[in-house]
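Visitor: Please take these sequences and the hints and turn them into a complete structure.
Residues per chain are reported as follows:
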Amino acid sequence: MTLKDVAKLLNAEILICEDGCDVEVKTAFAADLLSDVLAYAKEGTLLITGITNPQVIRTAEMLELIGILVVRGKAPDAETLKLAQTKSIPLMVTKYIMFESCGRLHRNGVVGCVESVPNARS
Amino acid sequence: MQDREAGELLLEKRFSIEGGNFIHAGGVSSSIKKILKDIGIRSEIIRRASIACYEAEMNVVAYAKKGEVTFRVTQQHLQVLFKDEGQGIENIGLAMQEGYSTATDAIREMGFGAGMGLPNIKRNVDHLNIESMVGVGTTLEMIIYT
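Chain order of the listed sequences is A and B. Going letter by letter, the first sequence gives residues 1 to 122 in this note's numbering. Going letter by letter, the second sequence gives residues 1 to 146 in this note's numbering.
Honestly, the hints are just simulated from the structure, not real lab data. You may find that some hints are simply not true.
[Unchecked claim] Label pairs and their calculated CB-CB ranges: (1) A:Asp5 <-> B:Arg14: 43 to 49 Å; (2) B:Arg42 <-> A:Val111: 24 to 30 Å; (3) B:Asp126 <-> A:Pro118: 15 to 21 Å; (4) A:Ala78 <-> B:Glu68: 25 to 31 Å; (5) A:Lys42 <-> B:Gly93: 28 to 34 Å; (6) A:Ile14 <-> B:Glu85: 40 to 46 Å; (7) B:Ile92 <-> A:Thr2: 30 to 36 Å.
A virtual CB, placed ideally from N, CA and C, is assigned to each residue, including glycine.
Guide: Here's what the structure looks like:
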């Protein structure tokens, strides 16, 4: 499934997509905690999140994620949009909640970029 | 702190970080990432360096008034020094534990402050050295072999 297919499946509005919308989505990671995204998400993964500040774009840039799907219909702020454009990071928004978004994607063959974490937290 | 066995210095850059500026936070790490790409460093090394630098940069933005970054590339490694003027770390041992955090609600709302920053830096670098004085600031040195 491509990013375009993801948008279609989740009725998502594509806000930024310079050239990457035909890129294949095989894995995803979902979290509202960017610290956890930085610790566990893998390169080439779709990020599903409720975070809409510019740091979500920076996180995607550092990890070389393939795109960001914002859930719960939250509108990214102007700085976030600007940075996504500058860094060419695809950004879309769906009104579905995170659980529903993940469920629909998983049912359509997208799996977690990791299944579980290596060590339990202390 | 320069390693004598690091070989010839190929590149040195300095950057400054403004504490509390969450809009521009990450800009220094982004610049470092671009330099590493331009000089042809392996992508796995770039990824590790980018994650570690970004975590360290967010720490400066979140906990310090300002910070200076010195970034060096030698024949054998990358060295990044983050030196800040800020609140410092009271107990480095505790700060290195996953889940331990002194973050404010504002930092948590940004999606950070989960107590994963320093452990995640450590995971991504070959050497990490932290020196800190409460009320003065923190110096963090990281080395990644290329």
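Visitor: Quick check: which numbered hints come out false for this structure?
Guide: 7
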